[in-house]
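Q: This is what each chain is made of:
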Amino acid sequence: MQGISSDIIIVFAGTFLLLCIFGFVFYFVIAYNKRHREYLAEKEEIIKSIEQQKLQSQIEIQEQILKVISGEIHDNIGQILSLISLQLNSLPTTDEEKLEETILLLDNVITDLRGLSKSMDPDRVMLVGITEAIAHELKRLERTGKYSTQLYVDADFVTLSADKTIILYRIFQEIINNIIKHSKANNVVVTVGCNENDNFLIIDDNGIGFNVEQENKTGLGLSNITQRAKLIGAQAEVNSLAGSGTTIKLIFSKNNNYV
Amino acid sequence: MFFLENLDAFSTLFVLVLFLFKRPKIKGVVLWLLLYVFSNFIFNIIELIIFVYPQLLGLKSTNNLLAYHLSCIVNVYILYNFFCLILHSRVTRFVDLFFVVPFIILSIFNFIYLKRTFTIYGLTSIWVVIKCLSYYAEKFKAPPKEDLLTSRVFWMVSGFFLYYAVAFFIFMAYDFITEGVLNGVITNILHIWLVHNVILAISCCFYSRSILCKE
Chain A
1 MQGISSDIII VFAGTFLLLC IFGFVFYFVI AYNKRHREYL AEKEEIIKSI EQQKLQSQIE
61 IQEQILKVIS GEIHDNIGQI LSLISLQLNS LPTTDEEKLE ETILLLDNVI TDLRGLSKSM
121 DPDRVMLVGI TEAIAHELKR LERTGKYSTQ LYVDADFVTL SADKTIILYR IFQEIINNII
181 KHSKANNVVV TVGCNENDNF LIIDDNGIGF NVEQENKTGL GLSNITQRAK LIGAQAEVNS
241 LAGSGTTIKL IFSKNNNYV
Chain B
260 MFFLENLDAF STLFVLVLFL FKRPKIKGVV LWLLLYVFSN FIFNIIELII FVYPQLLGLK
320 STNNLLAYHL SCIVNVYILY NFFCLILHSR VTRFVDLFFV VPFIILSIFN FIYLKRTFTI
380 YGLTSIWVVI KCLSYYAEKF KAPPKEDLLT SRVFWMVSGF FLYYAVAFFI FMAYDFITEG
440 VLNGVITNIL HIWLVHNVIL AISCCFYSRS ILCKE
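Line by line, the protein sequences are chains A and B.
According to my numbering, the stretch in the first sequence is residues 1 to 259, in order.
According to my numbering, the stretch in the second sequence is residues 260 to 474, in order.
Think of the hints as simulated: they come from the structure by calculation, not from any bench.
Here the structure is a predicted model, which is why all the values come from computation and not from measurement.
Just so you know, not all the hints are guaranteed correct.
[To be verified] Listed next, the stretches of chain A that the computed footprint assigns to chain B, with coverage defined by at least 3 CB atoms under 8 Å from CB atoms of chain B:
id : segment
1  : 125 to 132
2  : 238 to 246
[Claimed, not checked] Simulated crosslink set (DSS-like; lysine-lysine; CA at most 30 Å straight-line):
id : chain 1 : residue 1 : chain 2 : residue 2
3  : A       : Lys230    : A       : Lys249
4  : B       : Lys398    : A       : Lys43
5  : B       : Lys404    : A       : Lys48
6  : A       : Lys34     : B       : Lys398
7  : B       : Lys398    : A       : Lys48
8  : B       : Lys473    : B       : Lys286
9  : B       : Lys473    : A       : Lys181
10 : B       : Lys400    : A       : Lys43
11 : B       : Lys398    : A       : Lys54
12 : A       : Lys48     : B       : Lys286
13 : A       : Lys48     : A       : Lys164
14 : A       : Lys48     : A       : Lys139
15 : B       : Lys281    : A       : Lys43
16 : A       : Lys230    : B       : Lys404
Glycine residues also receive a C-beta, built at the ideal position from the N, C-alpha and C atoms.
Just chain B, with the same shape it has in the complex (with noise of 0.2 Å):
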């Protein structure tokens, strides 16, 4: 049970000792794909301790929602630098206009009142899941030059697609299933992180595969 609810951690500690294994050129996609990976790696590993384990460093247990907020903030600012590599439309530059603005009012809401809402999970989740869709429409339309299981960016949207869409209703339930809980509805939110845990690692996988690609 213990490695269940702490998969997200050790998934993308995997990733990272790949890294270090294979050693692939760190340049262009594969640069912030090992930012991504290490962003959240080490904020898995603050809300773990802030909130899960805080008696480790003598700490009282505290809200971890700051870390969560901040760790979406950052998740958006590098896979807007790496779907920017990817895709050529100028349809997806719309999409990021109308996601910008509701994404920074809801940033600066979250910030201001440290609300336990994850809707800018669930925003995130559905521009993330657009762009990975945009990309799988510019490769159909495009001349298929490439064979599709060794092309890094594949693995790597597929894992993003996989992650992002699953989580989306996760995300968008959270706050439902919070109130279930607390109306004795559910009785263990925890199962639903596990999940979220699983699909995390499978996705993981995904980015793993992509190290091993050749460049």
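With the rest of the complex left out, here is chain A (with noise of 0.2 Å):
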């Protein structure tokens, strides 16, 4: 009986030996798979915010770039083809209507060029705000002769900060780029509008349409949109059908971009 006894606790002490170190094996292995998950989520972090601050830094410098242009443009080309145009005015001819030919068309470029420096001034765009800026960008697009547009704009629609003014008409130009190089499309609607929780941009086409799954799996131009509409805590949705045009509408919340 005894020997019985001191059988059964031996393999009893065993036993319970071998739990303890289950136990602790367990233990540490949930403890440590715990901060794990943990370290995931932090690197995860780190490196949204590293390509936030990288997709900022080349907004920037591509802000920078455009000024100069845009100064270069206005300051020097534009400058001498008013030179151009006033020295062709002043010139004796003998074939007026070959002169007023190319003056009307010298006077286009400057008409054209001096848009343009519009367009790409980061300073101009911040000082008239975003309606402005699409107003005038859509009236480039008209003088086009390819192109009927409208501008709806809602009186509510709330004033945006001035680095993210300019980040949503750059958003705005790549759109109407993408609708002038692959659309084929003629006629454009742009609504500025709000309710009660969102305001909103929405571009309208109605050119030919994509296919925006595949478009999303091979092309930068949508993700580039989507990119820097995430940087101004905006929300881009691309609704599309082959043949049916296409509409892009950037959603972001009232309350992340006062003044």
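Grab the two chains, each in its own frame, and use the hints to assemble them into the complex.
A: This is the structure we're talking about:
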């Protein structure tokens, strides 16, 4: 009897010890894996933050360059062309019609260059505000003779901060560039509006449309728009079907965007 | 009962077969684990033949203590190299210093006198448990970059920790238990070795898990 009980004691002691060690190892794994998950989440945050900072830097550099080019166009090229126009006006000539045609072409170039300079200049965009800047851009589009445009502006649309205005404007320009390059549209409708919680900017065209999923996989254009939208706390929604035109909606919460 | 009595040999054989089947790259910690399992397997077979089944080779049953002592020395050498690869703290080097001198003295004593003592195994067990705890401490202090359950080294160290932590009590109590058997207090010393074999089998499961982890 005593022999059996000592055997049982041995087995129980062994099992108890085994359970203690299993418990220790199990607790260690749980604690370590919890730290591991926190580490991964922190790493992801850091990567996101670096990507955002990188994008912000790229945008700042881009704006600097555009400002310089805009200045050069306005100060140098624009001035020289105006001078050429003046000198042409004062030239004696036998062919008045041709001379008038040339002066008209030159005046058109000067107007286009002035318009281009204004749309490139970030300071001007921040000064006039997003709706005015969009209106100016649509007028430039109409002047090509290939597009008709409509702009609807909600009076309650909340004014954005200066840096967000310029980024939103560049997103808008990129969308317009895509319409010109790819859509084969002839009508563009822009709505600047708001509801209870959100501001939104909607750009509609009547072009050929595209496959959004395919474009997301292969193209950089949509991803560029989405990334820049995220930078200003906006959400980009792209709706398009082949043959049915395209609608791009940029939505941003009112609370984050006061001046 | 035959299976339980020889479970130590079967467990190590299972791990060796898994090595052959999975064919992981034999370098670093994997090499030392393979050597550890292989040496344990070989010594188990030798001990079985010398002590339990000598009639298979037409030998007389004899004392297998020499094989046990040799096995201990070989294991210590393998485990020392294993832990050198995975531990980086200077504190563990000091632990080695405190372990080496008594280990050498006990080894010489055991070889000269061939006494039935498992104190050398007990000492080895303490040393391995301290090394394993050092590994866990280092892992906890370092940035938690990897998922522990997919870490080869974690499974190996946990296997060693499990075996030596439980076996320490068996080894240290063995001399006492032998006296108990002689005095008739304990009827069957075999049961303690069955517990030992089960622990070894469980630790072999950990080694097997480590082989299945991706590099």
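Q: Compare the structure with each hint and give your call.
A: Verification of the hints:
no., hint, verdict
1, 125 to 132, "violated (count 0)"
2, 238 to 246, "violated (count 0)"
3, A:Lys230 / A:Lys249, "holds (13 Å)"
4, B:Lys398 / A:Lys43, "holds (19 Å)"
5, B:Lys404 / A:Lys48, "holds (18 Å)"
6, A:Lys34 / B:Lys398, "holds (13 Å)"
7, B:Lys398 / A:Lys48, "holds (27 Å)"
8, B:Lys473 / B:Lys286, "holds (14 Å)"
9, B:Lys473 / A:Lys181, "violated (49 Å)"
10, B:Lys400 / A:Lys43, "holds (18 Å)"
11, B:Lys398 / A:Lys54, "violated (34 Å)"
12, A:Lys48 / B:Lys286, "violated (38 Å)"
13, A:Lys48 / A:Lys164, "holds (19 Å)"
14, A:Lys48 / A:Lys139, "violated (38 Å)"
15, B:Lys281 / A:Lys43, "violated (34 Å)"
16, A:Lys230 / B:Lys404, "holds (29 Å)"
Violation of the numbered hints given earlier is confined to hints 1, 2, 9, 11, 12, 14, 15; the remaining hints are satisfied by the structure.
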